[in-house]
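> Take these sequences, add in the hints, and give me the full structure.
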Amino acid sequence: MRPYPPSSQMPAPSAPASNEAPPSEKAATPNPRKLAALTFLDQARLFIDQNRPDDAIRTLEQAINLYPKSGDAYYYLAEAWRLKGNFSQALEFNRIAEIYLQGSDLWAERVASQKRRINQIQE
Amino acid sequence: MKKKSFFRRLITLLFFVGAGLAFLISIGATVKYVSSLATDIESRFAGRRWNIPSRVYSDTTLVYVGQTINRSLLEQKLDRLGYRRMASPPSRQGEMRVAPDRLEIYLHEFKSPTFRQESIPVEIRFDGNRVHRISLANAGENVSLIELEPEELMLYFGPDREQRLILSSRELPPHLINAVLAAEDHRFYKHHGFEIKSILRAFFANLQKGAIAQGGSTITQQLAKNYFLTPERTFKRKLKELLISLILEYRYSKDEILEIYLNEIYYGQKGSVSINGIGEAAQFYFDKRVENLSLAEAATLAGLIKAPNHYSPYLDLERCLARRNWVLQVMNKRGWLSETEYLDAVAQPLTPAGYSGYRRQAPYFMDYLTHQLTQLYTHDTLSSEGLSIFTTLDTQVQMAAEQALRRGLERLESIMPALVKQEPKERLQGAIVVMRPKTGYMLAMVGGRDYGTSQFNRVTHARRQPGSLFKPFVYLTGLQKFPLAKKLSNAPQTFDVEGTPWRPKNFNADAEPVVTVREALTHSYNIATVNLALAIGLDEVVKKAGSFHFSANLRPYPSIALGAFELTPLELARAYCAFAADGVLPYPLSIKDVTNENSQVIESRHLKVERLTSPAEAYIMNDLLRGVVISGTATSLKNWGVDWPVGGKTGTTNDYRDAWFVGYTPNILALIWVGFDNGTSLGTTGAGAALPIWADLITSLPQYESQEWFVMPPGVQQTLVCQESGRVATGKCCPRTMTELVLENAPASGACERHPCTSRLERFWKELKRIAP
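So the protein sequences, as listed, match chains A and B. Position in the first sequence (first residue = 1) + 48 = the working numbering. Position in the second sequence (first residue = 1) + 428 = the working numbering.
A few of these clues could be false.
Calculated lysine-lysine pairs in the PhoX-like style (CA-CA distance at most 25 angstroms, straight line) [as the list claims (entries may be wrong)]:
(1) B:K625 with B:K734
(2) B:K849 with B:K971
(3) B:K539 with B:K761
(4) B:K915 with B:K539
(5) A:K163 with B:K1036
(6) B:K716 with A:K132
The calculated label-pair distances, taken between Cβ atoms and stated as ranges, are [to be verified]:
(7) A:A156 with B:G556: 55 to 63 angstroms
(8) B:S547 with A:A160: 42 to 50 angstroms
(9) B:L804 with A:K132: 17 to 25 angstroms
(10) B:P601 with A:L94: 28 to 36 angstroms
(11) A:L94 with B:S917: 57 to 65 angstroms
(12) B:T802 with A:L94: 34 to 42 angstroms
(13) B:K971 with A:Q170: 53 to 61 angstroms
(14) B:S1027 with A:Q170: 45 to 53 angstroms
(15) B:R558 with A:K132: 37 to 45 angstroms
(16) A:A160 with B:R513: 29 to 37 angstroms
(17) B:M514 with A:R100: 34 to 42 angstroms
Hints were generated in silico from the structure; no laboratory data involved. Just so you know, even glycine gets a beta-carbon here, dropped at the ideal spot from N, CA and C.
Right under this line is the structure:
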C-alpha cells in the first residue's frame, strides 16, 4: 500500500469547473473521486519537479481515471509531455485543460501561459 | 632358446608399451571427457540457467473513502489475490476477516517499479456499500485510499510448465540455509563434492541389492543429478554425477553451488504446474518471501526437499509436521539452534497458506495481449525470461462483463426459444469491450460466450455491420452545416444509387415525415439520416469517418449512412471514446509496463491522444446521445435501473442479424454486440438484446458510477433557436423558438435569416401578425 494520507491533508482543489454542482452543494458533499484523484495529482507534481515525466504521466492517468474532469491533471499531463519533448501531445492536453479550468482566472492564465511556452519551443 | 627368450622379451615389451599406451589414451580420453563436461557445465551456468515464465498482471485496484463498491466483486477479488478468510483478526499477511460493516485485510507485500505495497494490516469500514473509513489497523491512522496489488492473470509457460522465483544467496536468511544443510547435507561446507563414507555405504548397500538403491548424495551431487542428468539409476550415471560434482566444486564457490541448488530443486505441484526453487516454494506454501520465513517455516521447507509431494502440508499435515520437527532437532543437535529456539520452533503450529490452482483468466483479453506482446518479444523470450507484464485489465469489470454476457444471452434464449441452438458452435454469441474513454485503458474484454468452445475473439476479429451505431458519425460530420433544430425529411422515398432504386425504411413505420436533426438521431430514423448524409455530401461523411481509423474501405454510397459496411466491435468502441474524451481519440491501451526479471522497466505505454473533432462538437454529440437514452431508442435503460446521465446508441442491422448497444459516461464506456456467427436473424433489436446486458454490467459496477455529465466547453452555447430555420432566433421575430445547443462561429449558427428583424416597427408588425394572422 502506498502511504496515502487522508484527503484533508491534501492541497485544496485548485480550480472548480464551471458546469459542476453549485458551491453550496459541493461544500456539503465533496466528490470522493475528486479527493482521491488529488492524491495522485500531488504525486505527479513531485515527479514533474524531479524531471520524471514517464512516472508523472502514469500517475496522472490514474488521476484522470478516477476523476475525468480533473483540469489540473490535464495541465500537468501537458507539462509532462512537454518535458518529454512531445509538443503535439502537450498541446492537446493543454487544450483539454483549458476546458476544465475555464472557471478559474488564475488557472486560465496558467493554461494560456503554458500554451505560449509550448508554442514558443515548437517554433 | 635364445630366440625364444628374445620373443618373450619382445612380447613383454610390447605388452608394457601397449598397456602404457592404453593407459595414456584412457587418461587422455578421461581428461578430454572431463574437460568437455566442464565446458558444458560452464556454458550452461554462464547463460540463462532456467526458463522463467513471464507473468501477466491486472491493473491495481483503488479503494478510497466515499467510494461505492460492489462488495461481492471486491471480496471475490481478494479471494483471487490469495487472501485467506479468517474468523479472528488477521495477524499475518495474506489474511482477511469479512464482517457486514468492515473488511480487515493484512495486505500482501508487493513490489514493482511502478507500485510498492507494504505488508500492513488495514481496516475498511462500510456504510452500506460505501467506503466510510480506511485505517491502518496497527497505528489507527486514517488514510484516504489504498491500492491493492495487481492480480496475476497468466503465465507464459514453456513446455516444462515450471514456476520459479529466482533468489540470490544474499537473500537467503541464515536459519533457512542451516535448515537445508541440516536436512540434506550438514557437512556441505566441509567436503569437496562427495563424502567417501556415504558413497561406500551406498555402494555396499547397492552391491547387496545388485542395483542402485541408495544415493548417499551431497547437495553438490544432488545439483549435478537434477540439473545435468536424467533420473535413471545406473553405475555409469552415478560415476558421471561424481565427476560433475568434482567439477562444480572445483569451478564454483560453496555459496554459488548452494544458491543454484536452492533455485533448482523441485518443490511439488500446483495443479499442472511444478513449483521449483525455494523462493517459489516459500510463496506457494507460506505466501511469503524467503526473508520473512520463520524458523519453523524454514525448517518445513527444508524438510520438503527429500520428497515434496510425500511431505507436502497440503497432503498430510501430520507427516509434514513430524518431518519439520526432525529438521529442527538436527539443527539443535548440530548446535545451530539454542534449546530455547528449538523448543519455540517445535511448538509452532504448521499453517500452510493455501492456494488455488493455476487458471487462465480473461482468455480473450490474453489472446489480444499476446498478439501485441509478440510484436515486441518472441514466444521463447516470453516463456523463459521472466518478464512481468502489467496491464490495464480490471478483473472486477472483467468478471462483471463475463457474468452479464452469460446472463444476458441466457435471458434472451429463455424468452425467445427459437434462439436456442443445440450445436455448441452455432449458439447465440455476444461480445463486450469496456474502456476508460479518456485514457483508452481497456478494462475488460469478452470475445465470446465460452472460450472453451470458441476461441474466436469477436471483439477484435468479428467484422459485423454497425448499422445505426454508425449514425452519430454522420451527424458529427454535419454539425458545422446543420443545426440541431434543422428540419429533415423523414418521409418514405426512393433513392437512386448508381441507377438502382433504393428504399430504406424506418424501424417505426409511423414516424413523423419531417423531423429535426436531433429527433432523427434520438429515434434513429433511417430516412432522415440518409437525407442528412446526402445533404452533407457522402464524400464528407467518408472523410470524417476515415479520420476515426475505421478499417473498412468506406465508399460514398448512401447506405454508408446506415452503417452498411463491416467493422470490429473494438474499432467502434474506440471511436465512441472520442465523444466522451472531448473530441480526442485515445489509443486503446492494454499494456502499461513491461519489466525484466531485475524489475527494470523495458517497455512503457502511455495515454496518447489524437484530436479528431473540437471539444464543442464532441459535447454536442454527447448531448445528442444522452437524448437517445432520455427519450429515444434507449429509454428502456431506466427500466433496467440506470437512472444517472448516460450517453448511448442502439444498433440493429438488416434482418436483425446484429444487435448493438454502446453506452458511456465520462468514466466508463462499454460496447455490447449480440448475434450469431453465421448471421442468423436474432429477431430482436439492439435495445432488446444488447442494452439489457449493458445495464446489467454497469449496475454491477457502482465504483464506476459518477452521476456526473460532461462539462460544456468553450465554443458551444445553449440558446433560443428558430424552429423553422434551426438557426439562432432573432429576438421575437422568429414565430416559434426552442432551446437548443449551437456551435458558436459555425456557418449553421448564424441568426435566423428567414425571420430578419430590421426595425422595432417591423418586429411589432410581425408579432402582431403572428398573434392575429
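> Does each hint hold? Answer for all of them.
Each hint tested on the structure:
no. : hint                                    : verdict
1   : B:K625 with B:K734                      : 20 angstroms, holds
2   : B:K849 with B:K971                      : 41 angstroms, violated
3   : B:K539 with B:K761                      : 38 angstroms, violated
4   : B:K915 with B:K539                      : 60 angstroms, violated
5   : A:K163 with B:K1036                     : 18 angstroms, holds
6   : B:K716 with A:K132                      : 39 angstroms, violated
7   : A:A156 with B:G556: 55 to 63 angstroms  : 40 angstroms, violated
8   : B:S547 with A:A160: 42 to 50 angstroms  : 47 angstroms, holds
9   : B:L804 with A:K132: 17 to 25 angstroms  : 20 angstroms, holds
10  : B:P601 with A:L94: 28 to 36 angstroms   : 35 angstroms, holds
11  : A:L94 with B:S917: 57 to 65 angstroms   : 59 angstroms, holds
12  : B:T802 with A:L94: 34 to 42 angstroms   : 36 angstroms, holds
13  : B:K971 with A:Q170: 53 to 61 angstroms  : 27 angstroms, violated
14  : B:S1027 with A:Q170: 45 to 53 angstroms : 36 angstroms, violated
15  : B:R558 with A:K132: 37 to 45 angstroms  : 39 angstroms, holds
16  : A:A160 with B:R513: 29 to 37 angstroms  : 55 angstroms, violated
17  : B:M514 with A:R100: 34 to 42 angstroms  : 40 angstroms, holds
In summary, the structure is inconsistent with hints 2, 3, 4, 6, 7, 13, 14 and 16 from the numbered list given earlier, while agreeing with the others.
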